[in-house]
Amino acid sequence: MNRTLLLKSLRDLRNAWAQTLALIFIVALGIASYIALVSAYRDLGASYQHTYEQLKFADVTFAVQGAPALVATEIEQVSGVTAVAPRLVIDTGFERADGEQIRARIIGVPPDDQPAVNQVLVEDGRYLTSDDIRAVLLESHFAKVYGIKPGDTITPIINGEKITLTVAGVVASPEYLIVSPSRQEIFPSVRTFAVLFMAMPELQTLTGREGEVNEFAVLVDENRDREEVISEITAVLAPYNLETTIRQEDQPSNATLRLDLEGYREIAFLMPGLILLVAAASVYVMLGRLIRAQQPQIGLMKSLGYSNTAVLAHYLTFSLLIGIVGSVLGVIGGLVLTRGITSAYANELGIPLVQTRLHPDLFVSGVLLSLFFAILAGLGPARTSARMAPAIAMRLDPATALSDGHKSWLERWLQLPLSFRLPLRNVFRVRRRSFSTGLGIVFSFILVLMSWGMIDSMNGLLRRNFEEIEQWDVVAVFDTPQTEALVDKVAGWEGVQEVEPLIQLPATIRTDSKDEDVLLTAVSPAQTMHIFQFSDSLTPEAALANDQVVLATTLANKLGLQTGDTVILDTPFGEHKFTLSGVSDEFSGTVAYISLEQAHQIANMPMPVYNGLYLKVDPAKERMIKRDLYHLPGAASVQLKSDTRADIESLMGLFYLFMGIMMAFALGMSFALLFNAMTVNVLERERELATMRAIGTQNGRIVRLLTLENIILWAVTLLPGLISGTWVAQQMGQAFSSELFSLQITISPLSYLLTALGILVTMLLAAIPAIRRVNRLNLAEATKVLT
Amino acid sequence: MNAPLIECRQVKRFYQMGEVTVQALRGLDLCVDSGEFIVLLGPSGSGKTTTLNLIGGLDRPTEGQIVVAGEDITRYTEKQLTDYRRRKIGFVFQFFNLIPSLTAVENVEFALTLTEQNGRNLRRKAVALLDLVGLADRADHFPSQLSGGEQQRVAIARALANHPPILLCDEPTGNLDAGTGQQVLQVIRELNQQEGTTVVLVTHNTAIAPMADRVVRLRDGQIDHIEVNERPLSVAELAW
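Protein chains in written order, with this note's numbering: chain A, 1 to 787; chain B, 1001 to 1240.
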């Protein structure tokens, strides 16, 4: 291309600087969101992996009833084992000074040196030494919640005695990046669950288990078949009552993180993909309009002897310049955002070793994508223009500026006054223009509803779970069987309004081809603490009849089960066959329900016993009741619904962060889209509007006409916008759903209303610069220009 | 002797085009009497359209005064200028400048609504105006369904909607063939003679000049000379 044409391209873009900037902004946003979200996803994965590698996170953990620590030497001899850490792990509890009952897990670690497997990272204070007496390391999540620092004390009950321990250091552990006590309790318990690390000899002494351990954490050579190594170790541990074998992927914290990241993988690709698509479509439409407006110039170029290729190349330069500048800005923006997102997420979840890397492949693919879309966008209109005969392109026939007018059925029907007829006809007059403007509005609906829908649905999901499904205020779980007497006793406490007994057991649910660990909950069909969400008219009495099991929807879908299918429930009391009576659409995806009566039959108990209580209480007394429950013999955990909700909301930090960023992108892009659409819409009719002014129409009337036109356009696109926005949000929700929970997209009417009004207001605001331009038009010139 | 309807006093209009100052008008003095038919003739860049735009209130002079019906319009605010254009001026553009989404009658109605408060008679008045230019039977046609001459006649009807005392025509036949151009000129001439509308018409076409009361020839932003036609020709007599 010659220099003059390049200069022309640059000057043409400069003349339409506001639209050019908006297009660059749209491309930059698309690329920035793509780079930021995909990089953040990769960096988060890398940060976990890096943390795991640095802290030697166990590949497999074997839990036994009890074994001499020296067995570790035998395990080390197994071919493929690269490291073994024997440890003693005990679950206990303590009461904080404010009366809060805390579950505690104390893990024995070697003093002076880090264990060979599952090391800790000291974030504050120091590691344990052999000289320490009654000292512990405290896991950082709990320390942060209560502001506990080195030098503070904790008094857990060990072997029936309260032992005061001084915190020597605050540490991060690869086993507790998300504080999940077990696979059945996947949601974090940072307020009520503390992990402490104590010098092993001291812990063994305090528990009266000198020389004994109950866990072996093992690292396996990655070149070896892990299952073979596991079976050899299983053989070694056979004499010691091997209880569980937990592979790294099933380790509670890691499994939760993995699911968490999997959910974001979909979003990290889908959302930027959609934004890029919207950006490409917008560039296509806007660039097309920009090039079509230059039709007479194209005719002139061709009449001077420029070839079709030269004309094509000239107009593709428009696209390329926008693509290049947009992608460069997008890459820079993406880089800045990536660091922000990764740091915010790492900080939110307490990932100790954060890794942020440059991802050149993303930069290259980002730039290539943007150029591809920009060229694609420019190619259509540029080719059409280049193929046009010069005489036709240049012909200053007023008829070429006229579009067919027609009366719509609406105005025939409504007998509208002229002030309404004109804007109404303008909407339907140049269908291509209205279609592209409408498309911009629909895209805006999609972008806003996509992120808003996700946020709304998550809020709705939590609200529904905690306000409609779970009617209890406190749930207590005991590690020893309890009788009706306890139910009656607790029911008589001050502030307790209602009590329902339940049984909770870890279980595995099996089909012919799949199995899943679940928390099996047995409740009375008549209870009112947990409200089942059946899609049909199924009653709890029918659903929890004999040999009937109810599953959460997500779990049933994951196992590919339909109502009426048969499953096997493997409980601590043996295997039992059940028929799936119904699926309950609820938050948690790892629960199964049977009736209390059925549970008693399975356990073959001579009398009704329970290991849990649902309570409805006076909110003012819930803390006191919680403390009293903890003081009951055998109390293992007591959870307040309010705390659980706060903890889950905290786990959703990344979700809200991602969605917040997407929302910001959506709003920014919507404004740019609407600004361009509105501006071009007005600029393409400059002469017409100038004529109105020339014959004496006041600016106010022109503003009213244009505003009414925009409102009609908005009204026309409202339904398609809302429908397509909801549909896209639903796809996002599906992508985000995991086995942890199911996210059904439900957008509240208020959100729809606010989105619709927000877009209308944005449209009207975006039209202001164009209207101001019309009001400042040089009438003498504008009435002569043929547009 | 009556005061002229339009009086341009030492009107100058300069345009800044980058570093170059273009002197479109260099001190124009021109008086137009009420009911007069004036043709402004001159080569491109002579200042004829600038003169028309200044009289019509589409532009403001750099220096000088333009007095219309005794009022100095150069002192007008934007709002006053809008009102002036609405009540005193009718424009006829070379490219007709009809609103494509409105039918012929609606284009006229659109202008009528600027001054008429009574909406009920709008259509009747608009049709009457179209009848004046011979287009009553095409009232419900959209501009795209009309020929160039018909479009220009609709534009004239629109220009007359508010009974302006002054009709400003910028190359009204510039985009029309000879026959159609003559029809349009006939309408303008009749308005001038029957309604007493003052007409200022800008054209390149010297063949039109004999139909005017006076022909003002412009050159380099100044009046070169003025010819008075003692007996203006009818449109039919023009040697087109």
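By construction, these hints were calculated from the structure, which means they are not laboratory data. Every residue, glycine too, gets a C-beta built ideally from N, C-alpha and C. You may find that some hints are simply not true.
[Said to hold, decoys possible] Derived Cβ-Cβ restraints for the label pairs, each shown as a range:
hint : chain 1 : residue 1 : chain 2 : residue 2 : range
1    : B       : Thr1077   : A       : Leu277    : 45 to 55 Å
2    : A       : Trp413    : B       : Glu1230   : 53 to 63 Å
3    : B       : Phe1014   : A       : Ala18     : 53 to 63 Å
4    : A       : Arg776    : B       : Thr1062   : 10 to 20 Å
Tested hints:
| no. | hint | verdict |
| --- | --- | --- |
| 1 | Thr1077/B x Leu277/A: 45 to 55 Å | holds (49 Å) |
| 2 | Trp413/A x Glu1230/B: 53 to 63 Å | holds (60 Å) |
| 3 | Phe1014/B x Ala18/A: 53 to 63 Å | violated (29 Å) |
| 4 | Arg776/A x Thr1062/B: 10 to 20 Å | holds (18 Å) |
Comparing the model with each earlier hint shows a violation of hint 3 alone; every other hint is respected.
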